[in-house]
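S.K.: In case you want the letters, here they are:
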Amino acid sequence: MPHSRNPEPLPLTGADCFLRAFEAEVRRTAKASHLSQLVLRLGPGFDGEAFRRLIDEVSRTNPIVRSPIRRRAVVGAPLYRLDLAAPAPGVRIEFHPAPAPRESASAPPLGAIPEEFFRRLNDRFDARRGKLLCFDVVPRGGAHPGTDIAMTWQHMLLDGTGSEFFVEHLAACSADPSREREIPITRAEGGASSPAVAELPGASGVRGRMAQTWHNYMQAMAAKPPASLAGPLRVVRQDLRYDELRLEGASGTAAMERAKKMAGFLTPMLFFLAVSLRAHQAVADRRGTSPASWVVPLPVNLRPKGSQREVFRTHVSLLWFQVTPEQTRDLAGLIEVLKAQRLAAIRNKLVEAGVAAMDFARYAPARVYSHMARRTFGGELASFFFAYTAEFAVAAESLCGAAILDAFHAPSVPASPGSALVFCLRGGDLDVVHVHQRGAVEDAELGVMRAQILHDLAGA
Amino acid sequence: MSREVTREELEQRIFDIVREGVLSVDDAFTKESNLIEAGLDSLALTQLMLAIEESTGVWVDESLLTEETLESVVTLSALVHQVLE
Chain A
98 MPHSRNPEPL PLTGADCFLR AFEAEVRRTA KASHLSQLVL RLGPGFDGEA FRRLIDEVSR
158 TNPIVRSPIR RRAVVGAPLY RLDLAAPAPG VRIEFHPAPA PRESASAPPL GAIPEEFFRR
218 LNDRFDARRG KLLCFDVVPR GGAHPGTDIA MTWQHMLLDG TGSEFFVEHL AACSADPSRE
278 REIPITRAEG GASSPAVAEL PGASGVRGRM AQTWHNYMQA MAAKPPASLA GPLRVVRQDL
338 RYDELRLEGA SGTAAMERAK KMAGFLTPML FFLAVSLRAH QAVADRRGTS PASWVVPLPV
398 NLRPKGSQRE VFRTHVSLLW FQVTPEQTRD LAGLIEVLKA QRLAAIRNKL VEAGVAAMDF
458 ARYAPARVYS HMARRTFGGE LASFFFAYTA EFAVAAESLC GAAILDAFHA PSVPASPGSA
518 LVFCLRGGDL DVVHVHQRGA VEDAELGVMR AQILHDLAGA
Chain B
16 MSREVTREEL EQRIFDIVRE GVLSVDDAFT KESNLIEAGL DSLALTQLML AIEESTGVWV
76 DESLLTEETL ESVVTLSALV HQVLE
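Heads up: the sequence lines are chains A and B, in that order. Position one of the first sequence corresponds to residue 98 (my numbering), numbered consecutively onward. Position one of the second sequence corresponds to residue 16 (my numbering), numbered consecutively onward.
Any given hint could be a false lead.
Unchecked claim - Estimated spans, in silico, between C-beta atoms of each pair:
id, chain 1, residue 1, chain 2, residue 2, range
1, B, T21, A, G525, 37 to 47 Å
2, B, Q97, A, E105, 44 to 54 Å
3, B, E35, A, G385, 49 to 59 Å
4, B, G36, A, H312, 18 to 28 Å
Honestly, the hints are just simulated from the structure, not real lab data. The structure displayed is predicted, hence computed values, not measured ones. For glycine and all other residues, C-beta sits at the position ideal for the given N, C-alpha and C.
This is chain A alone, in the form it adopts within the complex (with noise of 0.2 Å):
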């Protein structure tokens, strides 16, 4: 497949479409936008005017970075207008001055997390006009000195995956001077939106018929309707925040352990995905509710396995589990209920067919995606965001003159549900991110969450 190197709009795939969907929603109801951000948390030595000098260099390279996302007309796909660019770099950067100390039980071992990148995970991106991606630089002091760095970008130019395979890139322009800065785009051939492990059938009946089966699944799931901790959808003012909990050295390596050896040694994320019901369920019995059930989606990179390193737009598709309260009270048995659901989704197809139906949501309006879902649902959207990243960004070792000491994803989540945990390893850390909305969830209950995370990853 040829690699572009013209201007030429390049089409959101469906996944993009969907993120958008809840872009639109997000900033109808929340005044913000649907963002992703990562953090990066380096020793002593970073070069900041080096840092810079790359991000504007890769920025001019890659004018997806710095694109509007815009339909050519009131009908069609939504696309990326490389051909519309905003002027080279078009990538903010913006550097902090050093926050005063603050003492905190909870702060994590390198110290809090700047309020900055808080801030900025509640900011206002215009995709429109290709404010697409942002950078914030903080200096730490304390015992760990360092710099901390924030990449925020509208969800939909980059997934996990890509975001790290970007991170990667960063540092090794960073490492070697001569590096091409270009990243390369692999256009779909055929008319699809993307290459894809789960290419689509060309008629138009058959992936109609897929994306019916995948709606079939997700109404299914509506007979016992899902409660987040938030509760249903409403009009506030987005307001995130997330925790860091790291458990580092021997402790990550033996959660690790025990996910691989509970769930399964390529599956572990369904040991982390029971760690956060449970979590969750907690809170609703310190509440005194008990919901229908617990219905959390799970992102499936989708980026054909060996060979492709895709790293703009989004490429997965989602598996979602339903479980019972009941269910969430032996950990074991949990794991047990969701490996089969998850190995009756792939056996049934529903992957394929979940890029069957966003695929069809790229020529929908934008808001059609979230409104559907939330009907289905009774306002709801899911009981809570879910995501694990296995090691990350493991080819980024330093960036710019510093040791990268630790990496973590926080992506942004609706004000409904209003609770996202996000399980990423670095070098055999664990980090467990907590991102909720202000209001969802009190400080108390984060407390009893989080004993509850530590209780099940120890195995005490």
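Chain B: place on chain A using the hints.
M.R.: Frame of chain A; chain B shown alone:
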């Protein structure tokens, strides 16, 4: 599938499934190549095991899939052959 299938035949069958339906690999990929390093992830693994089930009639319990058994087509074939027997 007949129980008399040889391990070599099984290796070839699984090798073909991996190359043609699961991983995007080039000619450097052999039966001894490391599957994880070649890009096998959780989704690809399940798709591979389902394809093996379709081809052999045998479902290999996922608890048997370890770093060792997934090292290569050869080690995975040995496991499937063992289950077949």
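S.K.: Against this structure, judge whether each hint is valid.
M.R.: Right, here's what the structure says about each hint:
no.: 1; hint: B:T21 to A:G525: 37 to 47 Å; result: 41 Å, holds
no.: 2; hint: B:Q97 to A:E105: 44 to 54 Å; result: 53 Å, holds
no.: 3; hint: B:E35 to A:G385: 49 to 59 Å; result: 55 Å, holds
no.: 4; hint: B:G36 to A:H312: 18 to 28 Å; result: 27 Å, holds
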